[in-house]
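Engineer: With chain A fixed as given, assemble chain B onto it according to the hints.
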Amino acid sequence: MGITRVIMEKADRILHFEEAHAHCDIPCGIYDPHLAQVAAHTVLRMDMLIADLAKSNDMSQEGRNKMIRYVQVKEQHAELVKHEVRVIWGDYAKPEMATQEVHQLVFDIMKAASKARQDTSIDTARALLAKVLQFSEWFWKTKNVEVKRAKSFYPTEAEIVYPKV
Amino acid sequence: MRFPISIMKVREQSMFPSLNDGDYIIVSRWSKCKANDVVVAKGSGMLLVKRISKTEGARYYISGDNKQESKDFVVGKEEIIGKVIFKL
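These protein sequences, in sequence, are chains A and B.
Using numbering that gives the first Met the number 0, count along the first sequence one by one with no gaps and you end on 164.
Using numbering that gives the first Met the number 0, count along the second sequence one by one with no gaps and you end on 87.
The reader is advised that the hints may include incorrect statements.
[As the list claims (entries may be wrong)] Below 27 Å or equal to it, Euclidean Cα-Cα: the simulated DSSO-like pairs (lysine-lysine) are:
1) A:Lys9 to B:Lys66
2) A:Lys93 to B:Lys66
3) B:Lys66 to A:Lys142
Quick caveat, the hints were computed from the structure, so don't treat them as lab data.
The shape of chain A in the complex, shown without the other chains (with noise of 0.2 Å):
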């Protein structure tokens, strides 16, 4: 250690030098808004399968218990589009990638996932669905990685963004 850094030292013990924080985060460096579409499509499927027990009429015992686990996976999977796009906003995304469309388009899935909460519609989940999958093709699209569009495996039939790798 040189002479300098030890007076520096004594120096700072007697002063409390204020600190400046080359502040980090642990930014990890990954990130994949697939998780996003995946709690997306659980969304409208869970509201798919909302509304088919609904038109059953079946207010048994076990029916009520699916209509509840339907409802709870729906609440969980809107606020999991949430959070996730939230940590690539927050945590991948640099200034200049900001621009006013793509806050724009993280206000509406913000918006869109509270009201996939909110109502049971296939409409509201379908409309969220959409502007996820917009969000994953900026997403891919700031690392210069061709997508394709294609109808996922899912039972929901929807379609799903991939990078081309």
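Structural biologist: Chain B in isolation, oriented as in the chain A frame:
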């Protein structure tokens, strides 16, 4: 009254290799700041030491030299405390 020159201690590693955790720096409040200068700015409820990557009017984009550990910030001109002019 604030002195035009302050001594500060660097914490954490996002400015590595330019600055290390525990380094002491001299910060001038009177120097003009431009892109590529290392500055101390207010952000996230603390004082941050970062390099200005670019400026847009009164908006300063600041980031760490250690890209593996750095989080980028945008701060206003009034949040820039001063320019790092010397490392002790």
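Engineer: Give a verdict on every hint.
Structural biologist: Hint check:
1. A:Lys9 to B:Lys66: violated, 32 Å
2. A:Lys93 to B:Lys66: holds, 12 Å
3. B:Lys66 to A:Lys142: holds, 16 Å
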